[in-house]
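Starting from the two chains in their separate frames, assemble the complex, guided by the hints.
Chain residues, written in single-letter form:
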Amino acid sequence: MAVFLQQIINGLSLGSIYALIALGYTMVYGIIQLINFAHGDILMVGAYIAFFGVVYLKLNIWLAFIISMIGSAILGVLIERVAYKPLRNAGRLAPLITAIGVSLFLENGGLMVLGTEIRSYPAGLITSAQLPLAIFGIKLTATTLQLLILAITIAMMIILQYIVHYTWAGKAMRAVSYDPDAARLMGINVDNTISVTFALGSAFAAVAGILLGLYYNTIHPLMGIMPGLKAFVAAVIGGIGLIPGAMVGGFALGIFETMVSGYWSSKLRDPIVFLLLILILLVKPSGLLGKNNTEKV
Amino acid sequence: MLLLKVENLNVYYGAIHALKGISLEVNEGEIVTLIGANGAGKSTTLKTISGLLRPQSGTITYQGQNVNGLPAQAIVKMGISQVPEGRRIFPNLTVRENLELGAYLRRDREGINKSMQEVFRRFPRLKERQKQMAGTLSGGEQQMLAIGRALMSRPKLMLLDEPSMGLAPILVQEIFNIIREINEQGTTILLVEQNANMALSVAHRGYVLETGRITLAGSAADLANSEAVKKAYLGG
Ligand SMILES: Nc1ncnc2c1ncn2[C@@H]1O[C@H](COP(=O)(O)OP(=O)(O)OP(=O)(O)O)[C@@H](O)[C@H]1O
Ligand SMILES: [Mg+2]
Numbered sequence: 001m002a003v004f005l006q007q008i009i010n011g012l013s014l015g016s017i018y019a020l021i022a023l024g025y026t027m028v029y030g031i032i033q034l035i036n037f038a039h040g041d042i043l044m045v046g047a048y049i050a051f052f053g054v055v056y057l058k059l060n061i062w063l064a065f066i067i068s069m070i071g072s073a074i075l076g077v078l079i080e081r082v083a084y085k086p087l088r089n090a091g092r093l094a095p096l097i098t099a100i101g102v103s104l105f106l107e108n109g110g111l112m113v114l115g116t117e118i119r120s121y122p123a124g125l126i127t128s129a130q131l132p133l134a135i136f137g138i139k140l141t142a143t144t145l146q147l148l149i150l151a152i153t154i155a156m157m158i159i160l161q162y163i164v165h166y167t168w169a170g171k172a173m174r175a176v177s178y179d180p181d182a183a184r185l186m187g188i189n190v191d192n193t194i195s196v197t198f199a200l201g202s203a204f205a206a207v208a209g210i211l212l213g214l215y216y217n218t219i220h221p222l223m224g225i226m227p228g229l230k231a232f233v234a235a236v237i238g239g240i241g242l243i244p245g246a247m248v249g250g251f252a253l254g255i256f257e258t259m260v261s262g263y264w265s266s267k268l269r270d271p272i273v274f275l276l277l278i279l280i281l282l283v284k285p286s287g288l289l290g291k292n293n294t295e296k297v
Numbered sequence: 001m002l003l004l005k006v007e008n009l010n011v012y013y014g015a016i017h018a019l020k021g022i023s024l025e026v027n028e029g030e031i032v033t034l035i036g037a038n039g040a041g042k043s044t045t046l047k048t049i050s051g052l053l054r055p056q057s058g059t060i061t062y063q064g065q066n067v068n069g070l071p072a073q074a075i076v077k078m079g080i081s082q083v084p085e086g087r088r089i090f091p092n093l094t095v096r097e098n099l100e101l102g103a104y105l106r107r108d109r110e111g112i113n114k115s116m117q118e119v120f121r122r123f124p125r126l127k128e129r130q131k132q133m134a135g136t137l138s139g140g141e142q143q144m145l146a147i148g149r150a151l152m153s154r155p156k157l158m159l160l161d162e163p164s165m166g167l168a169p170i171l172v173q174e175i176f177n178i179i180r181e182i183n184e185q186g187t188t189i190l191l192v193e194q195n196a197n198m199a200l201s202v203a204h205r206g207y208v209l210e211t212g213r214i215t216l217a218g219s220a221a222d223l224a225n226s227e228a229v230k231k232a233y234l235g236g
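For the protein sequence lines, the chains are A and B, in the order given. To convert, note that position 268 of the first sequence is 268 in UniProt numbering; the numbers rise steadily by one, no gaps. To convert, note that position 125 of the second sequence is 125 in UniProt numbering; the numbers rise steadily by one, no gaps.
So that you can see chain B by itself, here it is in the shape it has in the complex (with noise of 0.2 Å):
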């Protein structure tokens, strides 16, 4: 079932044109990747459908409605949350605190207690630094402490761009796995890399990006095995 539908979405930043007429899909349970160089227009896509910038024209369809230009906290209250390029937490807040913001919109005092164990069981280590000041935490559990912030909110679709970012191979891997997991668990991800490679291998499908084009779509099998994104992504 389609979740997500991005139509013709055409967003400037002042006289530059990053993005020029992209559609996608994401259906319901899926990892989505959408892959692409520096400046292609990735994080633009994510922040565009996050509520963080407005269009200029085009539709963005989620379960069925328009949530074109809607304010970032109607997106979030209605299930999509991002966890933004460069984890983007809050350093001078403790590392529960930061779990607690991702659940912003919620009350649900005993939801939330759940949620946050939930979190727990997941990273471990965030349980045993859940008073620390998340600054103090290292650039693997920062990305650890970034996802479980948007799994806090229980969203039916996680954005996340470049997790893999910074990150040491070890941790690259765990990270993945943990996205996949998540999926089983029943959530729908749009996953923006750099790393074809890993993207690639835990998506369904996926879509390449282009100085704000989309330029191959396809299964994440058929992409891997294409000359164009071989040569131009993964190293071959």
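Only chain A is shown next, with the shape it has when bound in the complex (with noise of 0.2 Å):
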């Protein structure tokens, strides 16, 4: 029992930083039908940029993830400009071989700029620390870093649920993602709602790239292709499209990727996280809260 809560204790961070960047995934996909390959190296340039905030302008570390979010934010705004806008009626394969294109210019544009070599953030950024827990009287651990994930999570979960219903942003969002047409008759600029989706979506990714780097305690150009994938994964699971989903696919799929390492073997967690992918596509393509696409965002 105590192995079976520390595993969920540990689920939980991971799951976390997949649910975050879930949350991009599906957004985007709610509002352009587009699976934005290129949405987990936006996390790994989001984790660049605060590494440099950190090092190099000695900024603290809140600071650095304001900084990171905004220039990430830009970058996932600068992306859909010039690569998916032109491409905006052009079907949905060509977009999508357009994201993949996207994401091997910023992997390898990585790599060229910043070098193999493996970094990681300086130590003593923030304080960690092992906490004793008591639950029912079972003794388990937390560290401070891994509570700090899941409260930052739950923070911006509040906030883009904030936005999304009480916001006239938020309305717009909900309106293009439904009915593009239908919205514009509204008054509602689509092009403008489109970016700030991505801007949203991409200073979340920002988020979950700095917290995966603080986790993982190392850096590297291509740092988000694997949690970009899982990710994509957890939002399948939870639904494509459904913010909702892509906060409970999250959760799950850290929770289930820890557990799969802690009582089998973290040889076979890739690779039953991506069955577990090909299993909902042919059992429940819709996700877990999906009925039949009739909601999206």
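Quick caveat, the hints were computed from the structure, so don't treat them as lab data. No experiment lies behind these values; they were computed from the predicted model shown. Be aware that one or more of the hints could be misleading.
One-sided and incomplete, this derived list gives chain A residues near chain B with beta-carbon spacing under 7 Å [unchecked claim]:
id, residue
1, 180
2, 181
3, 185
Pulled from the structure, derived: some chain B residues nowhere near chain A, Cβ distances all over 12 Å [to be verified]:
id, residue
4, 98
5, 100
6, 153
In silico BS3-like cross-links for lysine-lysine, where the CA-CA straight-line distance does not exceed 27 Å [claimed, not checked]:
id, chain 1, residue 1, chain 2, residue 2
7, A, 291, B, 131
8, B, 77, A, 85
9, B, 77, B, 156
10, B, 5, B, 77
11, B, 114, B, 131
12, B, 114, B, 127
Glycine residues also receive a C-beta, built at the ideal position from the N, C-alpha and C atoms.
Listed below in structure tokens is the structure:
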């Protein structure tokens, strides 16, 4: 029982990160039905912006978070305007291939500019300590970093829910994701709304990238690939296009992964995750929370 | 006074020539109807006026200003709102949120609230159901929501695309009464219909559209009595 609960605690941190990334995938999919394969690489750029901010500009970590979110949001909007917008009426395959191209560009560009060197955030950036926990008298531990990851993720989710449900931009996002032409008839600027969506998703990816760098204590130019793919699986599990689905899928996948590694073997972890993707696509392609694709964002 | 003037409008979908040089006028305070069979180009006309489609050639003048090729949000801002064919409400948003989106370009919170109360007075059923997802409304209620949503931008000119489609006769009558009321309160209306009978009974003037061309124009009474219209659209 203790091992099981401990795995859940560990899984929650990883799941938080997956959820943050999955939100970006799902929002973009909800609004333009594109699987933005460059999303994982935006996370990497976010992690590096914070790294350089902290190491060279001596920013404190919170300021680095903000700057990285802004920088990544700009990058996300730029990618959309330059690479995807011209293909808005070109069907679904062309933008998908372009997204893979953008992803390869960012990965190889990253390797060229940053080198293959593996870096890590300076030690002591956030205080790390083991916290003893007791649940029903069972002794467990969590690190301050794990709690911080969970807290930041929950805060981000609350902010997102607020934006989506109570702001003009959020209502415009939901309207565009359902029916772009009807949204235009309301006076909504569809292009700007798509940009806002990319900006939000990319800012979330930046947070995930920094947390990932802190969690694994490494950052490198290809760090976004695997978490990006995993978060894509999480978004599909929850129901692609559904914001609550990305949250549920992220946490579920994080916990599932740590369970597989903990009880079975960490070598089997990745194959099993992708097997899960295949199974979901076969059995319930609309995902856990999906109901016949009626609602998107 | 002339509010909207469409001259020699040509619109294509790829190789399909949907509007072949149509011209029409709408004066302030009027209800003008555009009737025609399936595929005549009625929706295409409204979509082009609303800025969803770009004409190949021709001009659209609104309040003396050329509005050709302006984006849809600019058209809404100038006071033209559309109730699209098939209602196109946002089913995943609440009734209230749908109405709020109708006022998307307005930022006067109090004014918006006032308009919302007016819509609720006109459609009490929407008030009762304001927190409900719009997708759960009945067809008639959805049509009322679509009309209410279009009113939220305080339009000078309202374009309605087949508001009677798919509704029971009693509801059709109700919708047409509402259209007449909205007009009497000062909103000019361009009404697209297949239900020529009903449309000509509320309209002042009308145009008949056939495969992308205007073939007849005149007062509603003249059109209702014309042999051609009777034969083609009034089942006589
Ligand atoms: N998106 C489109 N792509 C290609 N052709 C189109 C498109 N939309 C309409 N058309 C064609 O343009 C012509 C006019 O269509 P439109 O929708 O304006 O007709 P309508 O008078 O509104 O008909 P209905 O009464 O059935 O709504 C039709 O021949 C139609 O097939
Ligand atoms: Mg039509």
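Now for the hints, and whether the structure bears them out:
1. The interface hint given for residue 180 (chain A) is violated, since its Cβ lies 10 Å from the closest Cβ of chain B, which is over the 7 Å cut-off.
2. For the restraint placing residue 181 (chain A) at the interface with chain B, the shortest Cβ-Cβ distance is roughly 6 Å, inside the 7 Å limit, so the hint holds.
3. The criterion of a C-beta within 7 Å of any C-beta in chain B is met by residue 185 (chain A), whose closest approach is roughly 5 Å, and the hint holds.
4. A beta-carbon of chain A is positioned within 12 Å of the beta-carbon of residue 98 (chain B); the least distance is around 9 Å.
5. Not every C-beta of chain A lies more than 12 Å from that of residue 100 (chain B), the closest at about 7 Å, which undercuts listing it as non-interface.
6. Listed as a non-interface residue, residue 153 (chain B) fails to keep its Cβ farther than 12 Å from every Cβ of chain A; the least gap is roughly 7 Å.
7. Taking the CA atoms of residue 291 (chain A) and residue 131 (chain B), the gap is about 21 Å. The hint holds against a cut of 27 Å.
8. The straight-line distance between the Cα atoms of residue 77 (chain B) and residue 85 (chain A) is roughly 25 Å, inside the 27 Å bound, and the hint therefore holds.
9. Only pairs whose Cα atoms come within 27 Å are accepted, and residue 77 (chain B) paired with residue 156 (chain B) is accepted, the gap being roughly 10 Å.
10. Using a Cα cut-off of 27 Å, the hinted pair residue 5 (chain B) and residue 77 (chain B) holds, with the two alpha carbons roughly 18 Å apart.
11. Using a Cα cut-off of 27 Å, the hinted pair residue 114 (chain B) and residue 131 (chain B) holds, with the two alpha carbons roughly 18 Å apart.
12. Pair hint residue 114 (chain B) plus residue 127 (chain B) holds up; C-alpha atoms about 13 Å apart against a cutoff of 27 Å.
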